[in-house]
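S.K.: The primary structure of each chain is shown beneath.
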Amino acid sequence: MELIIKNGAVYDPVNGINGDKTDISIKDGKIVDKVSGKATVIDAGGRLVMAGGVDAHSHIAGAKVNVGRIMRPEDTRSGIKPRTKITRPYTGYTVPNVYAMGYRYAQMGYTTVFEAAQAIMKARHTHEELEEIPIIDKGALTLFGSNWPTMDFVREKDMDKLAAYVAWGLLASRGFGVKCVNPGGGEMWGFGKNVSGLDDVVPNFDVTPKEIIVSLMKANEMLGLPHSVHLHCNNLGKPGNYKTTLASMELANQVKASKDRQVLHVTHLTFNSWGGTNWGDFESKADEVANYLNNNSNVTGDMGQLIWGSATTMTADGPVQYANAKLLHAKWGNGDVELEDASGVVPIFYVKQISIHAIMWAIGLELALLTKDPYKMLLTTDHPNGGPFVNYPEVIALLMSNKKRQEEIKTLHEAVHKRTMIPGIERELDFSEIAIMTRAGTAKVLGLLDTKGNLGIGADADISIYDIKPDQIDPTVEHSKIKSAFSSAAYAIKDGQVVVKDGQITSTPQGRTYWVDAYVPEQDTSEMMKDIVKKFKNYYSMQLANYMVQDEYVTHAQVIKAGAIPVEVN
Amino acid sequence: MTVITDALCPFCGCLCDDLTIVVDNNKITDVKKACKLGSAKIMGHHRIKAPMMRNDKNSEFREVSYDEAINEAAIILSNSKRPLLYGWASAVCEVHKKGILLAEELGAIIDNTATVCHAPSTLAVHEKGLPSATLGQIKNRADVIVFWGSNPVHAHPRHMGRYSVFSKGLFTEKGRKARKVIVVDVRKTETANMADEYVQVQQGSDYLVVSALRAILSGHADVVPDTVGGVSKEQLIKIVEVLKTAKFVSIFFGMGLTQSKSMYKNIDNAISLTTELNSFTKCVITPMRGHYNVTGFGQVCSWETGFATAVDFARGAPYYNPGETAANDVLLRKETDAAMIIAGDAGAHFPADSVRHLARIPVVQIDPYWNPTTEVANVVIPVAICGVEVAGTAYRMDGVSLRMRKMVEPMHPPDTEILEKITERVRELRGE
Amino acid sequence: MALNAILITGRTINQGATIENKTSSDYQEATAYCELNPKDIGALGISPGSCVSVKTDHGDVVVKLKENKGNPDGLAFIPMGPWANAVVNPDTRGCGMPGFKGIPSRIEPTEKKVLTMKELIARYK
Amino acid sequence: MQTVTIKPKKEMKISVEAENISPDKFAGKTEKEIQSLEAWVGNQKTTLGELFSIAVEGSAPAADTKIIMEGDFSRVKRIGEGMTSGLVIIYGNVDMHLGNKMSGGNISVKGNADSWAGREMKGGELIIEGNAGYYLGSGYRGETCGMRGGKITVLGNALDFVGEHMCGGEIIVKGNTGILPGLSNNGGKIVIEGNTSRPGSEMSKGTIIINGTVDEMMPVFKLEGNEDLGGVTYKKYTGDVIANGKGLLYVR
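Residue numbers (the working numbering), protein chains in the order written: chain A, 1 to 570; chain B, 1 to 432; chain C, 1 to 125; chain D, 1 to 252.
Hint data in this document are derived by calculation from the structure and do not stem from the laboratory. Where a beta carbon is used, it is the ideal one built from N, C-alpha and C, also for glycine. One or more hints might be untrue.
Said to hold, decoys possible - Under 10 angstroms between C-beta atoms, here's a sample of chain D residues computed to sit facing chain C:
| id | residue |
| --- | --- |
| 1 | 91 |
| 2 | 116 |
| 3 | 129 |
| 4 | 133 |
| 5 | 134 |
| 6 | 145 |
| 7 | 159 |
| 8 | 176 |
| 9 | 178 |
Taking the hints into account, I'd like the entire structure generated from these sequences.
M.R.: Laid out in structure tokens, this is it:
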């Protein structure tokens, strides 16, 4: 099947195209240099053309998301659309059903989304949901930060066994990358406690969060995984936590990246760039975090931007969710996973007149505007913690227009003037920078730049066309046009097939599930497995034979090979 | 002769996954490590041989082909203005997906056996959330176990050995000896006989007793009268003390709470007690789910429709409101004009009025076994037994997803094939 | 002699073991009985094993009498199943869950015999 | 003034979803237009005209639109949903969700109303001369707020969960209620002339006045003493103490 997109104002920063008219040729789902005369023509008519959106951090599938749905019928009933000939019913706003998850991302021109966290023991559930999400390519990051095997091997300083466990854990969970949430804290939450900082020793395991993070980074690079360690720092949601965040970022200097990407990705920094010591003097330290990123090239981050209104916080950080539930007098979902991690789900409503919320809102935007290089600060809302992903166009419009920001600031609690810098920041991002924060940058951070986030020859033919002409619009002023254009793609093309036209779903192919098969020397694995077999015999409540995710749950797999690359570990 | 190890049990919410099954030329000859419930099901019972139909409920069934039965089922369902698709709990998740699609296309209500079991627990989760944990977390850490309105000796025989009272883990090496077991029930069950502390509650007053515990825990013992629901204030205070000073409290509850006066508010209240105990120690609460995959239906239905049970597709989109859209709601109001009962037995487990209405409307049964639902059915389609003759996914009572093995080759088609053919035929009948 | 009792229903191990074999006499054996404590049985003036009729506002059923020392006074237990559900409260009280527990009932000796499963369901047709 | 008279054409077994029966939806419309308004019977889409005989006199904005319904509407749901003004008088029984989310206007039922009457009501007045079902003036599953404003009066009895999650407004039940009235009350006022059981559980704000007897008191209320309200002395309780609720429970 051949297709050619003509007269598009293309923004493909990876290949140095910044708005010039370029034809894009597509054959059999890939971008090629030319096509025959028989190719179907789509005339973009000077409209904005970008690669399909790539989301590197979003809670779209698995036990936490389903707990959110079961807890919130009031959310489900708020986003219902009846079935049509082509689409199953849509439901929900912060916790959509699996169909709305795929349709709504595609309608925004997003074609690849990664689930932010799955415990290995619950990965089968995650994949059952990923299998049902239409259109988008996807994958899941596997939790390792509080797993008993991880902590044992870190204590024993046995990097070979740890790397073997990470490889085996990715195979068992059909996972794509290493996720580390409040390392050590998940284990302590087993008895209702938590770690308080990087050097806090986890009882019974005799390791510190710092040792866990550094060891996992080393293992990640020993295996040459496409993505780096994806870190949710300790002390999330506590005033003054920016110090822990900076100290965590510095740990990246102890390891050398095995690929042309960061050594460490620190996620949803909105919740981890807090100054002050209590809710009274709570303030933004986005400038300190952005400053660190500007001066170091081995760490990247993502926003976790806050959106006004209803949200559902869900994270493997069990202790912070208990604290949130008590603070907000809200209903509280908690899901400890034996030997692995914790999790918590708490609904929240962000209000402009609450000072803490206003400051958090500002922090997200400051991170993006004060970090010079857009490759280092990806656009996310940590869906649905900061807010549902359908609000990405709102974030884009805010980043591109100081006018919109000032209009918004007028409606907020005045704390934004005293405790944040956002009123004085005038920087306005352009289409190329937005393309990096939503496609090129996210694909690069994930290590998928060869096929995703760009329109070069050989990339997957995932393309979005938006109904704005870059040379005839001033995003700094006509921000509402920007927002509506990015909310409803004129065209979304997945693997060369038109899936959205004028904001409506036209076809619903099944996307692929990415997972990483990392090679490890056989004896390392068999050594490591001795410990795993013991843990199943004594501690797990299920049999090892039933633990690993079977092939039936990953019917459209995209396996990425890794491993066996000697790496310099200083 | 083949031996299957680490097989899963297709009976209760424990979903034990350490069974050994001995198969001799496609017949199961032995089951090891299963309890009485599991081995009874796996060793097998009398099966319905072939599809059968009858026009009126009092005449004898006549055997028919699968195609004929499927066609009749499709006609009944596609002509129905208010169809009910009920059961699902004794089938694997792959069957649920087909069922939800069929319900969507028919504009039907789809509900599962939780409606007479733990659906009230879901209503409680809407109000308070659910602070829980996987069963292994309890095995490894819990030093106080509470069974409230639940009788595992009878309903979940291996629960205490594998996951709770007798289990041993990293922080619970001494097992039973280092654990305190509290049983709360209206009568002294076998489970209560094994407890360190038995609390006898007056039938229907669980809600008051939970509130009294919460009042004491929050420092307001002064407002609590001398006895609450037949339980003395001294015993209530003693229990609060035990719970507060534990390292890890694990509360399990059953139909003693979900079906007694105040229904879902009993569980909602127990969840608040659990949450409030977390200010003093670690505490989690888990429902003792009955069927091996009733939890699975709730999970699949939630990710597909946003709601866990009682989903009404009449207007082309999911609408949910137990008390209005649950199976017994519409049967009691005599609104249902056709029903499909699959992997569940409404005839045995619904109140008489509901069964009386089923006896007046066309009923399609899809099930391996002859049971009270067969007695009120018009079309009966026998199928293979999930988890014995068909592989597939099931969810344990704590929400952990596991894959069930196929132990022997089936003599009957699987549920999924029947549902696909019915859906196909409905589309043809409707000219879609 | 008649007895007023609060009726509850629920699972038992034998009810579970025969749940997929409901045409069998084992199933009837495992579910068509009503447990009372010795004192209440004394009040009825008959011995365990004989038949009793259980009446509520919602129906009536004949089942075998059984003794259970664990029951408090005035509490009757019938295992969940078609015999119990002949007399439970069908009202779903705004929540979808029928009244399987806490049903006021009147229990008295009877000459009638326990209906088989098929006979019991035939009453509804 | 616009008057619309509605009578059922036939006996309905399957419940009808008739959220289009409301002054706001009828105001300024002709008979034909009202007859063609959508309604659902189970999974079949139909029109109001198919189900009801509809006569229209005059034309007016919603505030001056009167709907008179005569006959048995016990299988007709969601009458008056979301109405902002106008008048609905029903001579007969009605099904669930009567006047849910209404913010103004007046509904009066001469017969009984089934469950969820006045759900998530914001304003206006609802009078049920017969009995009400479960969840009178409550919220939808999972909502933190049920009724926020307006007034509901029931001359007969009401069943369980009266005013669950109330945040404002007033409910008066002349007869008895089922269990757990005023559950999680967060600022509404409930007056029960008859008997009830387990009132005010998890109450944080608002007022509940019981003139009949309370079968079972929740063990979570602090007896403050006696107080006179309109010449009648009540035992005054504050609670629910667990979450140091500031609710007021008066029991005669």
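S.K.: Now tell me, hint by hint, if it's right for this structure.
M.R.: Structure-based check of each hint:
1. Among the interface hints, the one on residue 91(D) is violated; its C-beta lies about 26 angstroms from the nearest C-beta in chain C, farther than the 10 angstroms criterion.
2. A hinted interface residue such as residue 116(D) counts as satisfied when its beta carbon comes closer than 10 angstroms to some beta carbon of chain C; here the least separation is about 8 angstroms, so the hint holds.
3. Annotation: interface hint on residue 129(D) violated; nearest CB of chain C at approximately 21 angstroms, more than 10 angstroms.
4. Look at residue 133(D): its Cβ gets to within about 7 angstroms of chain C, closer than 10 angstroms, so that hint holds up.
5. About 3 angstroms separates the beta-carbon of residue 134(D) from the nearest beta-carbon of chain C, less than 10 angstroms, and the hint is met.
6. The criterion of a C-beta within 10 angstroms of any C-beta in chain C is not met by residue 145(D), whose closest approach is roughly 18 angstroms, and the hint is violated.
7. Given hint, residue 159(D) at the interface with chain C, holds; its Cβ is 7 angstroms from that chain's nearest Cβ, closer than 10 angstroms.
8. With a cut of 10 angstroms, the hint placing residue 176(D) at the interface with chain C is violated, because the nearest CB-to-CB distance is about 15 angstroms.
9. The interface hint given for residue 178(D) holds, since its Cβ lies 8 angstroms from the closest Cβ of chain C, which is under the 10 angstroms cut-off.
The structure fails hints 1, 3, 6 and 8 (numbered hints given earlier, in ascending order).
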